[in-house]
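> Next come the chains, spelled out residue by residue.
There are 2 protein chains.
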Amino acid sequence: MHRVKVRVVEDVLDANGTIAAANRADFDRAGVRVLNLMSSPGAGKTAVLERTLSRLDGVRAGVLEGDVRGSLDADRLARLHLPVAQINTDPGFGGECHLDANMVRSALGALPLAELDLLVIENVGNLVCPAEFRVGEDARAMVFSVTEGEDKPLKYPLMFRTCELVVINKLDLLPHLDFDLDKFLYHLDQVHPGVERILVSARTGDGLDGVREWLVELAARRSES
Amino acid sequence: MHRVKVRVVEDVLDANGTIAAANRADFDRAGVRVLNLMSSPGAGKTAVLERTLSRLDGVRAGVLEGDVRGSLDADRLARLHLPVAQINTDPGFGGECHLDANMVRSALGALPLAELDLLVIENVGNLVCPAEFRVGEDARAMVFSVTEGEDKPLKYPLMFRTCELVVINKLDLLPHLDFDLDKFLYHLDQVHPGVERILVSARTGDGLDGVREWLVELAARRSES
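The listed protein sequences derive, respectively, from chains A and B.
Numbering-wise (the working numbering), the first sequence opens with residue 1 and increments by one.
Numbering-wise (the working numbering), the second sequence opens with residue 1 and increments by one.
This is chain A alone, in the form it adopts within the complex (with noise of 0.2 Å):
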């Protein structure tokens, strides 16, 4: 029975993967950079992405979203006047709790990629399942916010291992919790040693400035595929 199942992932991993490629390709042949951003429900994915990209330098950015159900994200981003697309997983396989390569290769006709220089996807709101499927990035990062407290990178290791940057977010909300910050990222590099780190408030906008850079930055890598 064990072995079964295991096969059975495997399988999906392996298709997955396959697809995720073909994404990749398609990609870097319109040019653009994709960066597949994660979190905890309400940890502040689209929050951060309203406040950066609004105002990066030089950069078309677009955005496609990753809900359970609804467009309410979406919505909030498409005010920015960004090209945004909608992915409700509700009716997928295993459930509805990441997006895996498929998801996002039948979306992709509804973006206008050889116009972008950015992709950012942003996730369903999961700190386990989105990690075990790439869809054809070229990073990975995610948003964790200080409210969720200092264990969670020994608790989720796979989310804060596969990620190049860790965004911490709610610092505004430090003086009211009894959040250790500095136990946090003692955790953090216990799983990941050294990663990237940018603290900042969505709500302020303090710390964004980090994060615009790092996706100009990103926006201008040139392919590894």
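The set of hints was computed from the structure by calculation and includes no laboratory data.
There may be inaccurate statements among the hints.
Unchecked claim - Keeping only pairs whose Cα atoms sit at most 25 Å apart, straight-line, the calculated SDA-like set for lysine to any residue is:
#1 B:Lys183 with A:Ala74
#2 A:Lys183 with A:Leu171
#3 A:Lys183 with B:Asp75
#4 B:Lys183 with A:Thr204
#5 A:Lys183 with B:Leu80
#6 A:Lys183 with A:Gly207
#7 B:Lys183 with A:Asp172
#8 A:Lys183 with A:Arg203
#9 A:Lys183 with A:Asp172
#10 B:Lys183 with A:His176
#11 B:Lys183 with A:Arg79
#12 A:Lys183 with A:Leu199
#13 A:Lys183 with A:Asp151
#14 A:Lys183 with B:Ala74
We have chain A; now place chain B onto it with these hints.
Same frame as chain A, but now just chain B:
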């Protein structure tokens, strides 16, 4: 391809349902009522349990602790001198995003079921997958943190719909957030009209008496299976 995928999911859920029924029969024989407690990462499940289970009048409580990795929460709860067993989901099927009936079954031998009135199963922090898998519980509840935003019932409807109690936590942070509690409750009633809700701050202790009363009543329920 799509048809095959759906079939696999149905098979997995069928097998899960069979094992969940076996768990439920064991719980009934032992005379223990079982709560499946769910939430996002860091919403405060463990904090709520720490501050309620230690003072439950006349109820002998135990905890089954689910985490992707580590035993941080189990260690916290063991300080209350309650029976606590740990499940790590790391090597499980489909990733590590939820507890299923078989994982719970594998841990039951580590708990003195016949000596308990109430067993709380603290699920993996995730607003999607745990809602899809019955584990043999009598009741489902969730902890929601006001830091997560008013839109979450609309974005994760299955989770909010499947629970008979929503504990709304971190009320002490309300003055520091752009969170509209009335709007959240309106969204909650849209997806689960009239569902019981208790407003608390696990940090200050406000509202936890209501949770204690609810847990005592759950422990006194007759089995409906």
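> Run every hint past the structure and note whether it holds.
Cross-check of the supplied hints:
1. B:Lys183 with A:Ala74: holds (19 Å)
2. A:Lys183 with A:Leu171: holds (15 Å)
3. A:Lys183 with B:Asp75: Holds. A:Lys183 to B:Asp75 sits at ~18 Å (cutoff 25 Å).
4. B:Lys183 with A:Thr204: Distance ~22 Å between B:Lys183 and A:Thr204 Cα, so the pair holds.
5. A:Lys183 with B:Leu80: Answer holds: A:Lys183 to B:Leu80 is near 24 Å, not above 25 Å.
6. A:Lys183 with A:Gly207: holds (20 Å)
7. B:Lys183 with A:Asp172: holds (23 Å)
8. A:Lys183 with A:Arg203: holds (23 Å)
9. A:Lys183 with A:Asp172: With a Cα-Cα distance of about 18 Å, the restraint between A:Lys183 and A:Asp172 holds, given a limit of 25 Å.
10. B:Lys183 with A:His176: holds (23 Å)
11. B:Lys183 with A:Arg79: Judged against 25 Å, a Cα distance of about 21 Å means the pair holds.
12. A:Lys183 with A:Leu199: Cα-Cα ~15 Å, so holds.
13. A:Lys183 with A:Asp151: holds (8 Å)
14. A:Lys183 with B:Ala74: holds (19 Å)
Taken one by one, the earlier hints all hold for this structure without exception.
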